[in-house]
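Enquirer: Input sequences plus hints: build the corresponding full structure.
So in the working numbering, spot 166 of the sequence shown is number 166, and the numbers just go up one at a time.
Simulated from the structure, these hints should not be mistaken for lab results.
Each residue gets a CB set at the ideal place from its N, CA and C atoms; glycine is no exception.
Treat the hints loosely; a few may be bogus.
[What the hints assert, rightly or not] Distance ranges between label pairs, derived from CB positions: (1) SER130 / SER165: 31 to 37 Å; (2) LYS199 / LYS63: 51 to 57 Å; (3) ASP160 / LYS233: 41 to 47 Å; (4) VAL163 / ASP118: 21 to 27 Å; (5) LYS162 / VAL101: 43 to 49 Å; (6) ARG272 / ALA72: 32 to 38 Å; (7) LYS127 / ASN84: 40 to 46 Å; (8) SER130 / GLU172: 44 to 50 Å; (9) GLU223 / ILE27: 35 to 41 Å.
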Amino acid sequence: MKTKKCKILLRTLTIIVVILTIIYPSIRSKINQKIHEDFIENIGQHVLSANVMIIQDNYKREKNGSTNSISAGASGAIFRKEGNKYFLLTAAHVVESRENVDKTNIIVMGYNDLEFKDYLNNGGEYKGISNYYEQFPRGEVEYYNEKYDLAVVSFYSDKDYKVLSISDKSPEYGDIVGTVSNPYGERNSITAGKVVSRKPKPFGDESGKMQFPVIRHTAMISEGSSGSAILNKNLEIVGINLGGNENIFRQYVSGMAMSSDRILDFLNEWERK
Numbered sequence: 001m002k003t004k005k006c007k008i009l010l011r012t013l014t015i016i017v018v019i020l021t022i023i024y025p026s027i028r029s030k031i032n033q034k035i036h037e038d039f040i041e042n043i044g045q046h047v048l049s050a051n052v053m054i055i056q057d058n059y060k061r062e063k064n065g066s067t068n069s070i071s072a073g074a075s076g077a078i079f080r081k082e083g084n085k086y087f088l089l090t091a092a093h094v095v096e097s098r099e100n101v102d103k104t105n106i107i108v109m110g111y112n113d114l115e116f117k118d119y120l121n122n123g124g125e126y127k128g129i130s131n132y133y134e135q136f137p138r139g140e141v142e143y144y145n146e147k148y149d150l151a152v153v154s155f156y157s158d159k160d161y162k163v164l165s166i167s168d169k170s171p172e173y174g175d176i177v178g179t180v181s182n183p184y185g186e187r188n189s190i191t192a193g194k195v196v197s198r199k200p201k202p203f204g205d206e207s208g209k210m211q212f213p214v215i216r217h218t219a220m221i222s223e224g225s226s227g228s229a230i231l232n233k234n235l236e237i238v239g240i241n242l243g244g245n246e247n248i249f250r251q252y253v254s255g256m257a258m259s260s261d262r263i264l265d266f267l268n269e270w271e272r273k
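Expert: Right, here's the structure in full:
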C-alpha cells in the first residue's frame, strides 16, 4: 500500500513540476511587466525611436535572371549621430553574409516605418516587396567582431531619432533592466526584468570554437530581438541582446546579452582600426 501511495505521490509531484515549468515563464513575464509599468512607460516615451529594424535583402544569380529574399528582420539601437549619419549597434550575426547568396543589401527601418505586410494591410498599393524596401536607408557595416558578436552599422536619414548613451557601468546581479526590440511579428516590444547572472557566462557556437562572456536577464525577448538594447533605469545601454535560453518545453527562460564593458572595448577597437 505504501509503495502504491508513494508512486501516486511521485506522479502527482511530477505533473505539478511539469505544469509549473510550462506556465512559470509566462507568469513571471506578466509579473515583471506589471511591477515595472513605470519603467516600461518611460522607455516608450523617451527611447522608442532609437529602436531600429534591420532587414537583409539577399540576391542570388540564376540562369534566367536573379532571385531575392527578404529576411524576417532583427533589431538594433542607435548610439551615435554625425550630421544626418546615424550609427547603430547590433549583433554581428544579424548582418553576417548568408550562404549561397551573391549580394546582400542591409535595410534599416525606423521605429515607425511600416513593414511590407503592414503597408498592405493599411491599404498600400502592391508594388513588389523589393521595390517597397528600396525606399528605406541602406545600412553599411562599419565594423564587426565575432569575438563579441557585435557590429556597428551606419545609415543616413533626415529623420530625428533618439541617440542612446552607453553606460560605463556594467549591469550587476539583481539590477532591473528593460529592452525594446522587434520580435518576429511585432515592432517596438518593450519588456522588463532583472539581471540573473552573478558573473558573465560563456556563450558561442555549438562547436565551441567561438565563446564570449554574456550576462543573463529575464526581460522577455524572442527571435528578432537579436541586436536590441538592454537599458538601465537611466535609459542607458548596458547590454546588446545576442540570444536566449529556453527550457525543454521551448519556453523562454532568460536572455543573453553582451554587457556594456565589453561593448566599450569593442567600440574602442573600432576607433583604433
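Enquirer: Each hint needs a verdict: does it hold in this structure or not?
Expert: Taking the hints in turn, this is what the structure says about them:
no. : hint                        : result
1   : SER130 / SER165: 31 to 37 Å : holds (36 Å)
2   : LYS199 / LYS63: 51 to 57 Å  : holds (54 Å)
3   : ASP160 / LYS233: 41 to 47 Å : violated (24 Å)
4   : VAL163 / ASP118: 21 to 27 Å : holds (26 Å)
5   : LYS162 / VAL101: 43 to 49 Å : violated (32 Å)
6   : ARG272 / ALA72: 32 to 38 Å  : holds (34 Å)
7   : LYS127 / ASN84: 40 to 46 Å  : violated (26 Å)
8   : SER130 / GLU172: 44 to 50 Å : holds (45 Å)
9   : GLU223 / ILE27: 35 to 41 Å  : violated (22 Å)
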